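Engineer: Residue numbers (numbering that gives the first Met the number 0), protein chains in the order written: chain D, 0 to 447; chain Z, 0 to 606; chain B, 0 to 185; chain F, 0 to 155; chain L, 0 to 317.
For the record, the hints were derived by calculation from the structure and aren't laboratory data.
Bear in mind that the values here come from a model prediction, so they are computed numbers and not experimental data.
Wrong hints could be hidden among the right ones.
Said to hold, decoys possible - Simulated pairs of lysine-lysine, DSSO-like, Cα-Cα distance not exceeding 27 Å:
hint : chain 1 : residue 1 : chain 2 : residue 2
1    : B       : Lys161    : B       : Lys76
2    : L       : Lys298    : B       : Lys20
3    : L       : Lys59     : B       : Lys20
4    : Z       : Lys565    : D       : Lys404
5    : Z       : Lys511    : L       : Lys59
6    : Z       : Lys396    : Z       : Lys465
7    : Z       : Lys465    : Z       : Lys489
8    : D       : Lys411    : Z       : Lys565
9    : Z       : Lys545    : L       : Lys59
10   : Z       : Lys465    : D       : Lys404
11   : D       : Lys404    : Z       : Lys489
12   : B       : Lys165    : F       : Lys66
13   : B       : Lys165    : B       : Lys152
14   : D       : Lys22     : D       : Lys94
15   : D       : Lys379    : D       : Lys404
16   : F       : Lys33     : B       : Lys165
17   : Z       : Lys514    : B       : Lys152
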Amino acid sequence: MVVHPVLLIAIPLIAAFIIPLAKKYGFAIAAGAMAFNMGYAIGMFSYIYSHGKIYEMIAGFKPPVGIFLAVDALSAMLALLINLFAFINFIAIGKEWNYKFSMLYLLAIAGSTGIVLTGDIFNMFIFFEITAVASYALIAGKKDEKAIEGAIKYMVLGSIASIFILMGIALIYSQLKTLNIYDIAARISSMDEKIKWASFALLLTGIGVEAEIFPLNGWVPAAYQGASSGVASLLSFGPSKAAIYAIARIMMVIFPFHATYEIALYVGVVTLVIGELAAFMQEDVKRMLAYSSIGQMGLILIAFSLASQNIQNALIAAFFLIISHASAKSSLFLLSRSPSMGGAACKYTGIVGVLSIIGMPPLAGFWGKWYLMLAAINEKLWLVIMLVFFAGIVEAGYFARYLHKSMGNESKLNLRYKVAMVVMVSFTILLGLLPIAYKMASLPLWGW
Amino acid sequence: MLDIIFAELIIAAIITFFVGKKIASIIAGFISILPLFALIDWANNFGFKTISFGIERQMNISVAGITLHLGITPLSWFFALMILPLFPLIMLYSYSFFKENDGFYPFMLFAFASTFGILLSKDMLSLFLFWEIMSWSSFLLVYRSRDKEAIISYLIFSVFSAFAILFGLMILWHENFSLLLSDIGRINGIYGFIAIASLIIGFSVKSVLMPLHAWAPFVYSKSDEPFVAFLSGGLSKLGYYGMFLFLFTLNGVKILQNYTPNVAWNYLLAVVGSLSAFVATMLAIMQDDLRKLLAYSSIGQLGYIAIGFGIGTPLAITGALFQAFNHAFFKAVLFLAAGAVAYRTGKWKISELGGLAYRMPLTFLAALFAIFALAAIPITSGFAAKWLLYEAAIQQKYVFIAPLMLIAGVGAFLYSFRILYGVFLGENRYPDVKEAPKSMIAAMFILMLPLIIFVVFPGYMLDLMKPALSNSGIESIAHTKFAIETSLAKYNSMAVLITLIAAMVPAFIIYKARKHRITSFEDNYLAGEPYEFHNPSMHAAHNFYKPLKGVVLPYFEPGATYYFEKIYKGIGILSNGIRRIYTGFVQDYAIYVVIFLLAVMGWLIWM
Amino acid sequence: MGLYIGDKMMKYEEWSKLAIKVSKASLWMLHFCTGCGAIEMPPVMTSRYDMERFGIAPMATPRQADVLLITGYLTVKTLRRVIQVYEQMQSPKYVIAFGSCTINGGMYWDSYNTIKHLEKYIPVDVYITGCMPRPEGIINAFIKLMELIDEGKARGWEKYQKYYDKYKENQRRVFNFEIEGENEEY
Amino acid sequence: MKSIELIGKGKEMHGRAYIEVMPDELENAIKKLKENGFNHFVMLSCIDWLEEEKFELVYHLWSYEVKEHVMLSVRMNRNNASMPSMSHLFPQIETYEREIHEMYGIEFDGNNRLTPFLLENWHHAPPMRKDFDSEKFVGKLYESIPFIEEDENEGI
Amino acid sequence: MDVMGIAIKVALLTAYAVIGTCVGLLFMGIGRKIIARVHNRVGPPFYQNFIDVAKLLSKKTNISHGWIFDLALLFSISGILLTLLFLPIGGVQLLSMEGDAFLVLYLLAIPALGFALGAGASGNPNAGVGVMRALVMMLSYELPFIITLIALMIYYDTTSLATIVRMQSINGVKSWAITMPPFMLAAFAADMALQGMLMEQPFDIPVAPHEIASGPMVEFGGKYLGSLMLYKAIALVAETTLFVDLFLGGGVVAHGNFAFVINFIVWLALIFLLFILSILIAASFPRFRIEQAFGFYWKYEAIIAAISLIWVYILVIK
């Protein structure tokens, strides 16, 4: 069997363009496309699981010219994650909106998947643009004041980010005349030292805006608060995860230097501490979850930044943290639609989500923190470990407050929401419990 | 066999999500007896002749690269003896305690399974895994209380404890490159010191040592009684299990000593323990809420165990283990009795209760006996335990610890009497209350049995803990069945008992020589005024130790809770400050982006 | 009222000689000080007259006391308390009544709410005349009481048990200000 | 004297001001006095003028400023005697009114606590009225209660 | 087992129990007499307390408030006898080898607890208040007492009272603890604690007849009160003996064949002197309030005791 990862990008894009022509069937088309994507992502993942990495070139051009997709185990897993959750989330929320929403949703998913799969930095930029534009519109879709405010903030920062990304790419291209990350990686040493660093800084800043790292994340609280809970859920498992992965990929493939890792570590630690502390006294649930997301992104970035020495442990940690955060935070955002956690489904979703983020075994979050610790301790980063612990305690503080505050019998969620929530959150349990997780964790994720 | 036991516990936990209250309590009760069979079986390995069920001593559960090493050690066997029997009885108690099954049983079973797991784990990963499962399952039980302070403080302190333990384990792992606990011995130097210190701090959260006890009064006073009985009786011992394990079995004391030969760190632990015992006792005296009183009493009584570990001589450790065993049972009985009282009357405030001794005589008897053990009345096992600790302190000439311990022992009389008088004696406020349901009574009385067995035979207890001590290289002290002998003195419980019985003879003659008649309660001298109770503040149990309160409380007022609240608020202020970064103006954010870019660029280019 | 449940009847003779001897040598008193006689008690107890040399000691509660001292006039309202206290004392128990008020009302002979003859409501073993009696008189009364006990004549408590119903009837009448055959208003 | 000047009538009697007021003037008089320094209400007493068929209520007030004792006297009919309660001016008047109600049977309108106060179980006429024949009452109640004589034959 | 030995032991213990009771009652009577003389009164005869107890035990009616109330009677006498027999008296060890000072400290709590249970069961608020005061007093005076006890224990390196007595009696009076300067301080603190233990003025706050109608005893009469008087008499002997054992060598001055007679007399004289001292203090001071008593013990007495403890500690460490 031959796998074409490009289909994962092409199908939603095509579906998105079809939807305006068949407005009535918008939901069905989008759901179908996403179902296909989900199935295909599973298939691709299992293929990669047994065969290894895939490179695919589009339109017959060889690198460094054409569209180039490079899929390894981690990116396949992320593509699977994004498409799977996108499908579940869409089933839950899609019916509430008109065809435009479906279209934008598909675009966002296509973009996020593209960011994850692509092996070409210019394509990455394009996918970023697609994702970002779709996200602005999705956030603004709620049409109230806060939504528009969030969307505008996101848009302003996103535009700046685009410019920076583009500048970074231009700098690299001006020196190396190539856009393929592997080509760039092979010839990076021939770059002018200063331009090399400048381009890295530009790319980090640009992508960092999407990846919610401090201090580039000014849009995050407003956008999450303004967006409807479904969209907030989408933002937390889609674009942000794709973006943090993009940072990791650029850092690990193109700029695998001590200094870059160091910068990523510092930025990650600062993001973690600031995010968690900012969440501590937050009263608004969505805002609190948004700040918490910032903290978690910092944690994931720390995990990636530790990959320079302990690539195995660091990547397993990042993998589990991404899974845990995506599943827990998306379901918590869905839950935030209800004023309190009435009923068993809502209650246990909330509790499991919170426990997973705090890092209680046997949930996925625990394994993330465990491997992160193993990686950190090898480099004797005591301060980092302390700060991670401190952040964890702060996390426990505000999540306990959240759990207490949202205790109640009221539940305004319909069945689709509940099912989506439970299915999403069950991933953190399943991946924590099932042996496959350990198996996966014991395999090399990067490259092989 | 062992994996089957675990599997059954987990399956039972899942089943109890879906069945009714009575069935759930029966399932939980019967399933949780299984580990007791294992305990009986394992006793064969430690020099006791019992029945064998063919349950293995060691087991490795290997799952895709990660191996959990499980197995019984003499130490964990002894701790299992005191923790595990509580569980089926608490389930028996809960048979009539709860109105419906709303998530108590599954998490209780998770907590139980993880407790069993902690005791059996032989490597750091499984220890930590089970510890965390215990943490969250007990958190979910606390969560049922719906009390803000309880939920927040328990989760924060649990996470703190977990991280401190994780930190210690990580260092040990990093230094030894082995997850097995038995390989720890090689560690030395600053890392060993930090690791052991961090582990002790982590464990002392669960064992409610004084500075880290702040969660306990809230949690103990707001959660369901059966759970609190397990929390205070059982789970708090796990902290001391961890301490014993790392300090003595795994030579933590030597690790500490090797790094700083001139500082007696274990003395610090003893000081903390004695302050814990003293301060908590004083605070317990002042409480009006029955559960808060018992909570502070728990903190105080558990402090004694820390003193024992801190002193660290064989005498002291024996006393500490003895005290741990006693505390598991008498505090469980007390919490269950308090629960039974509340079940019938619906009141928690001591000043609103009263006169239940004749209405609930069996509950009263159970509580009375538990209080005898708590207040260390001679011939009860409670006295033997505390006696050993006192002897140990005098033997080591610890002149700071000994007075605090002893005065805390006297203070125990004060709050014990508070319970007896306020709840069971005094004015008769509930003339229509019935005795607690049979299952509750049965649970309390069966829980008392171990205490009764060791009443005049403290020697049996010392025999039981002998394997655990000798496994850690601690010699056990000289004793016969009913007498314990130390280098300082001797305590013969049989002599006390016989003399007490003999001395009862003249008392009994006086008692029987003249007849008496029992008058109604209202026939009470109040300067001729008829006895009427309408005003609760006229009740003598209201504000009982008021004179003491005025003198003592000012010194204890800014307690640990106060400082933790300060820290919490401090973090809140920090948080509010940090939130200022997010000004809400997108212009600012754009400036941040540019500054970040320049900073990163600058860092990379010029560094 | 009616908290009192009558003792089993006991013959005075059953009580042993020794018990009589010790009982008269250790009279513990409860002074129910509502009247003017209260001021006569301190001199009796302190160094001038020192009643402790007879084994007499003040007690704080009726449970411990043997002798009830009624130190002067009693209103109906006070009588109710006195009776309750008297019934809480443990047999054998004695009553010493001070002054003319307890005998026939004294200077309150026409008061609408002062009882006139204490004897009608509780049995009195020894009366002390005077208004008020001096400490010597009080000590004299105690010595008289001792004599009576010795002779077996201080039997007020037995009388109270025996005629319990009659005493109760009298008490009920006076507490309710119940006038026989009349309900007219004054 | 100041109080006489304030009220506009009355006379000095043994160094005190004695002012007779009508029942409807009473409230204003007390108010006026209270506002002008007579802020200590000493007591309320009652006299039964049997021959005149009157009750006299005397309100005693004291001023710390001018050191003056004033007695406000009010007379009312003896039959169905009633007075408006002054307890809203000085709260302690309520207690005096309770006592006077119990002992003389005067009703105080506006006082809600005219419950039995000092006497227990009293169901006869108010005892302090002059037409209450105390001697006759004693004779009928106390003297009619029998002594309890011991039955000599029976023995104890 | 040696039947004869056991019989002798039982006889000895019985004899000391009886002696303790009689001595206690006698002392109480003498105490009343002395107080009367201080007041310039004649006072009751010295045997008055025997009469009182006999009278109380011969009362015709006895009011009980239920079976918990009866525990007061049963536990007060048996508990205090038990305590007495675990003390070395005049060099005779009795049962003191089977226990130690900590045991005695806790045994003293048995009658108190039984008493408190009975008082509580009576349901009288005065009793509750009285027991509260008694317990607070106990907490108060135990602190200086415990500190002095620990000072002795670490000095003699034993907790056994019998051993402490033996070590103090090696050279007769010269080796008594009270001859050493640090223990003089300690003895002062312990004597004040003894005053509280005996519930004499200024520390008779728990019974305070004029405030709370004799406190815990308010519902006790007849045989119940009689047993409490017996308890108090024996407690007097036991508590003063404890002091004598700790500081005055248990009254042991002689060794030899008939030494125990001399020692017994010395012991009797010493506890009598202690009791007289306590009575004289009681006759001269008015009653403290409970907060004042607590402050007195925990501030001044505890500091004195602590100084002696530190002094002893320095001596021992050297």
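Engineer: Look at each hint and say if it fits the structure.
Structural biologist: Now the hints, each set against the structure:
no.	hint	result
1	B/Lys161 <-> B/Lys76	25 Å, holds
2	L/Lys298 <-> B/Lys20	50 Å, violated
3	L/Lys59 <-> B/Lys20	14 Å, holds
4	Z/Lys565 <-> D/Lys404	21 Å, holds
5	Z/Lys511 <-> L/Lys59	13 Å, holds
6	Z/Lys396 <-> Z/Lys465	25 Å, holds
7	Z/Lys465 <-> Z/Lys489	19 Å, holds
8	D/Lys411 <-> Z/Lys565	37 Å, violated
9	Z/Lys545 <-> L/Lys59	39 Å, violated
10	Z/Lys465 <-> D/Lys404	50 Å, violated
11	D/Lys404 <-> Z/Lys489	57 Å, violated
12	B/Lys165 <-> F/Lys66	59 Å, violated
13	B/Lys165 <-> B/Lys152	21 Å, holds
14	D/Lys22 <-> D/Lys94	13 Å, holds
15	D/Lys379 <-> D/Lys404	39 Å, violated
16	F/Lys33 <-> B/Lys165	57 Å, violated
17	Z/Lys514 <-> B/Lys152	24 Å, holds
The structure fails hints 2, 8, 9, 10, 11, 12, 15, 16 (numbered hints given earlier, in ascending order).
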